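A.B. asks: Sequence:
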Amino acid sequence: MIAKYGSYTHAKDAVWFSESLSPIYDEDGNLSSYEKTVEISGYVRRENSDTEAGFVTKLSAVEAAYACGGNDFIFNFDSGTRAYALLNTVCINGVKIQQPLTWQESTGAEFAAFRSFHVALSGTINAVAGASGETIQNDVIQYQYQYTDQKWTRTISGNFTVKDGVEPTAAWNTFIANYPTPSGYNRQPVQYTVEGQNVGFSIVDVQHWKALPSGVSSGGYTKQTRTDGEQKIISVSGSFTGYGASDAADAVKDLYDNYELLTENKTENEFAGSVSFSYEFIDPEYSGEYLREDEEVSISNGGTDFVLHERFEGDAVRQDTIEKTKSTATFTVTREQIGSIPDTPEPLWEDHLKPPLIERHSSKKLSSGERIYTGTWTFNYESPDNFGVTA
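Under the numbering used here, the first residue of the sequence shown is numbered 1, with each subsequent residue one higher.
Be a bit skeptical, because a hint or two may be false.
Stated by the list, open to error - No more than 25 Å apart at the CA atoms, straight line, and that leaves these computed lysine to any residue pairs for SDA-like:
id, residue 1, residue 2
1, Lys96, Ile176
2, Lys253, Ser202
3, Lys163, Ser32
4, Lys4, Leu87
5, Lys36, Ala113
6, Lys12, Ser79
7, Lys12, Thr81
8, Lys96, Ser157
What the hints assert, rightly or not - Pairwise CB distance ranges (calculated):
id, residue 1, residue 2, range
9, Gly196, Trp103, 41 to 51 Å
10, Tyr192, Asp72, 23 to 33 Å
11, Thr225, Thr9, 32 to 42 Å
12, Val297, Glu370, 28 to 38 Å
13, Asp72, Gly220, 50 to 60 Å
14, Pro180, Leu87, 54 to 64 Å
15, Leu87, Asp254, 43 to 53 Å
16, Phe77, Glu268, 32 to 42 Å
17, Thr225, Tyr192, 42 to 52 Å
18, Thr155, Glu359, 53 to 63 Å
19, Thr155, Glu268, 28 to 38 Å
Simulated from the structure, these hints should not be mistaken for lab results.
Note that the structure is predicted; figures quoted are calculated from it, not measured.
Think of the CB as a built atom: it goes at the ideal place given N, C-alpha and C, for glycine as much as any other residue.
Working from the sequences, and respecting the hints, build out all of it.
C.D. replies: Put into structure tokens, the structure is as follows:
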């Protein structure tokens, strides 16, 4: 997110803010306008390339930008799309500096590396059409953008009172329609309460890298692809929470309907409204001898050790010796293959081989009726000479 005030542009993700609205009523008690206050916090960082004088110049530029009102405050997504604006031409009598810019107290290394600041803007705006005193008697709204954990969160919260004769839930539905989910955000479960004619609410939208499915409040999935140059396996796992969690898990599986489904696991917690899932797929267009072939080599080379036989008083003379320890190695191969048990691999070394250990694994049946077979071979070696890394 990038913030601008007038002609001054802040560094990316260096500013966050909150907005509050105070209603203003005319003599007849109808909502006529709002006093909008925007509290702005941020920082100026000293880059490695900045000299001390250059850093001071940066600080002076921020002070000069907020020295006077009459400018637009604009908050944009990285793409340039506008997320929020307090426009000078929209505000009655323009944008004003409500609280001058102040630097937050800092010492030592922090003072030399970056400085934090705070400033408040305000402006009076006309009441939004359709939100007149015909339905809402008074309202207090707080609007906030906060940057935490490498993502932005927009929170709109407050309360309003509905006039007698107006159904509060209907008024709420009309109210929230004016606050759609911003592009690039996921809306968390909206919370609102109705007590008599008073409605309290909290709307939270969290920046995402990919939109969540409908009816899901949180979750996600990861995809892993493995191949040995002969075949490709796609593994997908994750979880969702919300009334649409189960449908969302099925929708993830459907994303890979052009692949052959190998395994499927799905666990639902109906009390928590959550679903965990994992799928494995085979790419039918990527064919070869083995689905998977893993090799692992472990070598423990021997050597010579000097053994000292210490002589104690009264003992006969002892002969010191040099002992040589043996070298050991283990070569393990795992193969997966469709249709038949994989062939036994060639040993890494021909000499000093002990009888190999062979493991057969239960086969897995595909939806096509074919089976996947897995075998693991372990070759153990012992030798008076050291083993090389390769054959």
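A.B. asks: Next, verify each hint and record whether it holds.
C.D. replies: Results for each hint:
| no. | hint | verdict |
| --- | --- | --- |
| 1 | Lys96 to Ile176 | violated (29 Å) |
| 2 | Lys253 to Ser202 | violated (33 Å) |
| 3 | Lys163 to Ser32 | holds (16 Å) |
| 4 | Lys4 to Leu87 | holds (11 Å) |
| 5 | Lys36 to Ala113 | violated (33 Å) |
| 6 | Lys12 to Ser79 | holds (12 Å) |
| 7 | Lys12 to Thr81 | holds (14 Å) |
| 8 | Lys96 to Ser157 | holds (24 Å) |
| 9 | Gly196 to Trp103: 41 to 51 Å | holds (46 Å) |
| 10 | Tyr192 to Asp72: 23 to 33 Å | holds (32 Å) |
| 11 | Thr225 to Thr9: 32 to 42 Å | holds (41 Å) |
| 12 | Val297 to Glu370: 28 to 38 Å | holds (32 Å) |
| 13 | Asp72 to Gly220: 50 to 60 Å | violated (37 Å) |
| 14 | Pro180 to Leu87: 54 to 64 Å | violated (20 Å) |
| 15 | Leu87 to Asp254: 43 to 53 Å | holds (45 Å) |
| 16 | Phe77 to Glu268: 32 to 42 Å | holds (36 Å) |
| 17 | Thr225 to Tyr192: 42 to 52 Å | holds (43 Å) |
| 18 | Thr155 to Glu359: 53 to 63 Å | holds (56 Å) |
| 19 | Thr155 to Glu268: 28 to 38 Å | holds (31 Å) |
Hints 1, 2, 5, 13 and 14 from the list above are not met by this structure, while the remaining hints are.
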